[in-house]
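In the order they appear, the protein sequences are chains A and B.
The numbering of the first sequence is the working numbering, which starts it at 552 and goes up by one.
The numbering of the second sequence is the working numbering, which starts it at 1339 and goes up by one.
No false leads were mixed into what you were given.
Simulated coverage check for chain B against chain A, where a stretch passes if three residues somewhere in it have a Cβ under 8 angstroms from a Cβ of chain A:
#: 1; segment: 1376-1384
#: 2; segment: 1424-1438
#: 3; segment: 1441-1447
If you're looking for bench data, these hints aren't it; they were derived computationally from the structure.
These figures come from a predicted structure and were not determined experimentally.
All C-beta atoms, glycine included, are put in the ideal place defined by N, C-alpha and C.
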Amino acid sequence: GAGVSQSPSNKVTEKGKDVELRCDPISGHTALYWYRQSLGQGLEFLIYFQGNSAPDKSGLPSDRFSAERTGGSVSTLTIQRTQQEDSAVYLCASSTRLGGLFFGEGSRLTVL
Amino acid sequence: AQSVSQHNHHVILSEAASLELGCNYSYGGTVNLFWYVQYPGQHLQLLLKYFSGDPLVKGIKGFEAEFIKSKFSFNLRKPSVQWSDTAEYFCAVRSFMNRDDKIIFGKGTRLHILP
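Working from the sequences, and respecting the hints, build out all of it.
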C-alpha cells in the first residue's frame, strides 16, 4: 500500500486478555518502530526493527509485551494479560535505513 | 541514553502571533533532528528535518527550525500563526551514540491558536 497500515483501528478488551496489533509498513522500508501514545506522555518508544539486525527492545515496559517482524515486513505487537494501564494508542512507523518516519493511523486499545 | 525535552507542554496564542517551541536533546554527537505535527484526529506528519548542512531548516506551512549545536537545541518557529496551526507538536532525535540509531520523541507541545 501507499502508507503504513495498522489494524485494528480500535480494540476494546477485558483485563487479562491477550491482544495482537498489526502493522504493515511501506514497502521497501527497512526500519519499523512501535510507539505508545497516551495523554501527557508523548510518544513512548517501545521497539525498533532495522533490517535483519536484532531488534532494540529497550522500550518494552514489561515482559507482557513482545513484538515480531516476519520477513522484514509485517510486524505484530502482542500484549499478554492486558492491564488497564495498557490503554493507549499504539503507533507504528516505518522508514528507509536512516530516513524520516511515516506513521500509521494507530490502534486505540481500551482495556476494561 | 539520548533524551529529548520539550519544555512547553501547552501553549496558547492568538492568530498572527509569533511562535517558538523549545526542543533540547542530551547527546552532543552526530544527530538527526525532526519536528512532527499531529492535527486533531489525524496521524503524525513530518514538518521538517535536519540531517546536515545549513542549520536553519525550512519546513512545510511556513515553519522553520534552527539547529544550534552548542545549545543542544532545535527550536521550532513560525513568524505568524494561524488558527489551523492548532495541533500537537513533537520534537524527535536520532543520535548515533554507541551505534544506537533509533528515533526518540519528546512529550509534545499542545498548541492552541485563538481565532
